[in-house]
Each structure stands twice: as C-alpha cells, then as structure tokens.
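*Asks:* Each protein sequence line maps, in turn, to chains A and B.
Position in the first sequence (from 1) plus 1011 gives the number in the numbering used here.
Position in the second sequence (from 1) plus 62 gives the number in the numbering used here.
If you're looking for bench data, these hints aren't it; they were derived computationally from the structure.
Accuracy of the hints is not assured; some may be wrong.
Counterexamples of contact, computed for chain A against chain B with all Cβ distances above 10 angstroms [to be verified]: (1) P1055; (2) E1067; (3) G1082.
Straight-line Cα separation of at most 20 angstroms, DMTMM-like style, residue types lysine to aspartate or glutamate; simulated pairs [unchecked claim]: (4) K1068/A to E163/B; (5) K1053/A to E65/B; (6) K102/B to E1016/A; (7) K102/B to E1081/A; (8) K1053/A to E106/B; (9) K103/B to E1050/A; (10) K100/B to D1028/A; (11) K100/B to E65/B; (12) K1070/A to E106/B; (13) K1053/A to D1095/A; (14) K102/B to D1028/A; (15) K1053/A to E129/B; (16) K71/B to E114/B; (17) K100/B to D1105/A; (18) K1069/A to D1105/A; (19) K71/B to E86/B; (20) K103/B to D1028/A; (21) K100/B to D1095/A; (22) K1069/A to E163/B; (23) K1070/A to D1105/A; (24) K103/B to E1056/A; (25) K1089/A to D1028/A; (26) K71/B to E1050/A; (27) K71/B to E1016/A.
In this text, all values refer to a predicted model and were calculated from it rather than measured experimentally.
Glycine included, C-beta positions come from ideal geometry on N, C-alpha and C.
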Amino acid sequence: ILNVEQSPQSLHVQEGDSTNFTCSFPSSNFYALHWYRWETAKSPEALFVMTLNGDEKKKGRISATLNTKEGYSYLYIKGSQPEDSATYLCACLDNAGNMLTFGGGTRLMVKP
Amino acid sequence: DTEVTQTPKHLVMGMTNKKSLKCEQHMGHRAMYWYKQKAKKPPELMFVYSYEKLSINESVPSRFSPECPNSSLLNLHLHALQPEDSALYLCASSLNSLGGETQYFGPGTRLLVL
Chain A
1012 ILNVEQSPQS
1022 LHVQEGDSTN
1032 FTCSFPSSNF
1042 YALHWYRWET
1052 AKSPEALFVM
1062 TLNGDEKKKG
1072 RISATLNTKE
1082 GYSYLYIKGS
1092 QPEDSATYLC
1102 ACLDNAGNML
1112 TFGGGTRLMV
1122 KP
Chain B
63 DTEVTQTPKH
73 LVMGMTNKKS
83 LKCEQHMGHR
93 AMYWYKQKAK
103 KPPELMFVYS
113 YEKLSINESV
123 PSRFSPECPN
133 SSLLNLHLHA
143 LQPEDSALYL
153 CASSLNSLGG
163 ETQYFGPGTR
173 LLVL
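Sequences are here, hints too, so could you generate the full structure?
*Replies:* Shown next as structure tokens:
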C-alpha cells in the first residue's frame, strides 16, 4: 500500500482566484497517477490520468503537472468558480499491482 | 453511455440481515471494483474483478461477498455486518485493470448498519 498525501486538506478561495494543491507519493516504482473531482452527492469524476515524468494535462480551467522523480503532482485551477467547489482526490498506482491508493483529498470551497 | 449505476442509493440494515448492493455499467469495461469510503477518509479498495474473475481481495472480511454474474454487473452481498461497516460503498469500472486506465465511479450506496 502506497502512502499518498494531499495538501492542504481544505481550501477556501474567492471566486476568480487561481489556486493549486499538491499530491505527493513515493517516487520509487511509480506507474500512474489519477486525479478525480468529487462533488457532494455525486460520483467521483475522472479528471486526468498521468504516467510520464513532466506530463502536463489540461481540461478547461483545470490543469495538472507530474514529477515522478520527486514524487509529486500539482493540480491548478485558474479563475475559480463556485461550481469548482468539490473534493479533489489523487490516487496513485505502483508497478507492483493494479490497486489505486487514494490520498485524503483536498476540499475546495469557492465563495461567490 | 459513460455511466455506472448503483442501487440502492441508501440502505439501512440490522446486523442479522442479508442484503445485496448492485452495480451496473454498459461501457464494455472488463474491470470492476468495489471501494469502501468512511467519512473524511479516502476510498479504500475492497475487490477487483477482471474479466469476471476476482483478481484482488484486499483482506476483506467474509461477511462481504462479491459476485460478478457477467461483464456488466457486479454485486456485493452483505451478511452479518457490524455497525463499523457503515460507510459509502462505491463501485467503479475501467476498460481493463491496468493502472493507466481511467476508472468511472458510480454515485455509491450509503449503508447504515444498526
């Protein structure tokens, strides 16, 4: 079981602010990193799957980067909107198996 | 159709009851998963089915019994649960069980054991 950590645990921002948060994981035996967005009472929604060091992915105002050598990924949200309020989960997979280990999530609240 | 459905949405059961949770997907995915999520904790993997065969069982007590009748359906049979088993049970599916594939999640079944 991997040790996947996310920070901060929660974040309050004003509408229009840009924000970012971190997922850290063991860099040895890394295989893939997943980012999910989970709104209350809805299904977790896949945002990105990243595998290569230096990967950058973008979906609208949300982007993510991956550094497998130092064991971290950043998720960025540009110009936060109230509808971005959700818990953002990262999950990591090592090359030993096919079990995703989730971090504790970052709960983002965007105030109008 | 990129939806994973789960029924029921909510379930309350006594410790002597037998109940089943159901999960369905029609995306042609060959890997399906059960996760358990307690409040303020990350989802924890319970079981993985790959091509309708159980491939991972993360030391889950036998009072949880998974079943994959076909490639579209995944059940979780519950018997003699304990109050500490109260949690949100999430089902997910992916094209295959390789880690680079996106997992699509259902909305979960919120279970309360009295």
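*Asks:* Each hint needs a verdict: does it hold in this structure or not?
*Replies:* The hints, checked one at a time:
1. P1055: violated, 4 angstroms
2. E1067: Holds: least Cβ distance 17 angstroms, greater than 10 angstroms.
3. G1082: holds, 16 angstroms
4. K1068/A to E163/B: Since the Cα atoms of K1068/A and E163/B sit roughly 15 angstroms apart, the hinted pair holds (cutoff 20 angstroms).
5. K1053/A to E65/B: Answer holds: K1053/A to E65/B is near 12 angstroms, not above 20 angstroms.
6. K102/B to E1016/A: Measuring from Cα to Cα gives roughly 14 angstroms; hence the hint holds.
7. K102/B to E1081/A: violated, 27 angstroms
8. K1053/A to E106/B: With Cα atoms ~18 angstroms apart, K1053/A and E106/B stay inside 20 angstroms; holds.
9. K103/B to E1050/A: Cα-Cα ~15 angstroms, so holds.
10. K100/B to D1028/A: The hint is violated at about 31 angstroms.
11. K100/B to E65/B: Roughly 23 angstroms between the alpha carbons, so the hint for K100/B and E65/B is violated.
12. K1070/A to E106/B: Violated. K1070/A to E106/B sits at ~27 angstroms, over the 20 angstroms cutoff.
13. K1053/A to D1095/A: Holds, at about 13 angstroms.
14. K102/B to D1028/A: Given that 20 angstroms is the threshold and the Cα spacing comes to 26 angstroms, the pair is violated.
15. K1053/A to E129/B: violated, 25 angstroms
16. K71/B to E114/B: It is violated: about 24 angstroms lies between the C-alpha atoms, which goes past 20 angstroms.
17. K100/B to D1105/A: Violated - the C-alpha atoms of D1105/A and K100/B are around 24 angstroms apart, more than 20 angstroms.
18. K1069/A to D1105/A: Distance of about 23 angstroms is beyond 20 angstroms: violated.
19. K71/B to E86/B: Within the cut-off at roughly 13 angstroms; holds.
20. K103/B to D1028/A: violated, 27 angstroms
21. K100/B to D1095/A: violated, 23 angstroms
22. K1069/A to E163/B: holds, 17 angstroms
23. K1070/A to D1105/A: Cα-Cα ~25 angstroms, so violated.
24. K103/B to E1056/A: holds, 17 angstroms
25. K1089/A to D1028/A: holds, 7 angstroms
26. K71/B to E1050/A: holds, 16 angstroms
27. K71/B to E1016/A: Roughly 29 angstroms separates the two Cα atoms, so the pair is violated.
Of the numbered hints stated above, those contradicted by the structure are hints 1, 7, 10, 11, 12, 14, 15, 16, 17, 18, 20, 21, 23 and 27, listed in ascending order.
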